[in-house]
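Produce the entire structure from the sequences given, and follow the hints as far as they go.
Protein sequence lines correspond, in order, to chains A and B. Under our numbering, residues 1 to 113 are what the first sequence spells out, in order. Under our numbering, residues 1001 to 1111 are what the second sequence spells out, in order.
Bear in mind the hints are in silico, worked out from the structure with no lab data behind them. It should be emphasised that the depicted structure is a prediction, and the values quoted were computed from it without experimental measurement. Wrong hints could be hidden among the right ones.
[Stated by the list, open to error] In silico DSS-like links for lysine-lysine, alpha-carbon gap of 30 Å or less:
1. K22/A with K1022/B
2. K1042/B with K36/A
3. K1022/B with K19/A
4. K40/A with K1022/B
5. K1058/B with K9/A
6. K1022/B with K44/A
7. K52/A with K1022/B
[What the hints assert, rightly or not] Pair by pair, the computed Cβ-Cβ distance ranges are:
8. Q1045/B with N79/A: 26 to 34 Å
9. H1072/B with N57/A: 23 to 31 Å
10. G1041/B with N57/A: 42 to 50 Å
Note that beta-carbon positions come from the ideal geometry of N, C-alpha and C, so glycine has one too.
If you want the building blocks of each chain, they are given just below.
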Amino acid sequence: DTAVSQTPKYLVTQMGNDKSIKCEQNLGHDTMYWYKQDSKKFLKIMFSYNNKELIINETVPNRFSPKSPDKAHLNLHINSLELGDSAVYFCASSQDPGRRGYTFGSGTRLTVV
Amino acid sequence: GENVEQHPSTLSVQEGDSAVIKCTYSDSASNYFPWYKQELGKRPQLIIDIRSNVGEKKDQRIAVTLNKTAKHFSLHITETQPEDSAVYFCAASEYGNKLVFGAGTILRVKS
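What follows is the structure in structure tokens.
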């Protein structure tokens, strides 16, 4: 029973397209995140929601829009995809990130061609 | 905001030797420091963590030390095995609501 699940696992799409990545957690955590991992493996935070409320919105292009319909789900929609958006996107959740860290999803490898 | 620096970026050791990865952080208010292991093509997974009121923590072959005064913490892996080969990330908790990660260390254990 997967704790944090993301779909799809792989996504190959053309420049200019719009795509969505979905994330669900069954851990009962209040906080969920999106991180981007680039080709150099660097993990950079993009967004965070706590109980459906946006609490962190890092410097990310407006083409990226998160949506949290409830505290167990956090989706990421990307408009007008660019080559530079190619990366692995990880969803994560935490009950108390200041004391217990994160549980990560399996990642979505996005390739823009 | 918090900034975490991690060294070395790559580390090669012979099987059975020890490996040490070091991180420094900038925000003295940070109080939680986890370490994650990411195998090729997999998700990062928490392997050990330490809070600021503790100086050292050990779990079998892995240990973490924290020096709050100097604002640095380290991961120690003893008796390394080929399955320890992975990317290791340190992190620091900023404002208690997010983790800021180091750039990662690629550890290769040669058999």
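- Taking the numbered hints from earlier one at a time, note which ones the structure violates and give those numbers from smallest to largest. Structure breaks hints 1, 3, 5, 7 and 10.
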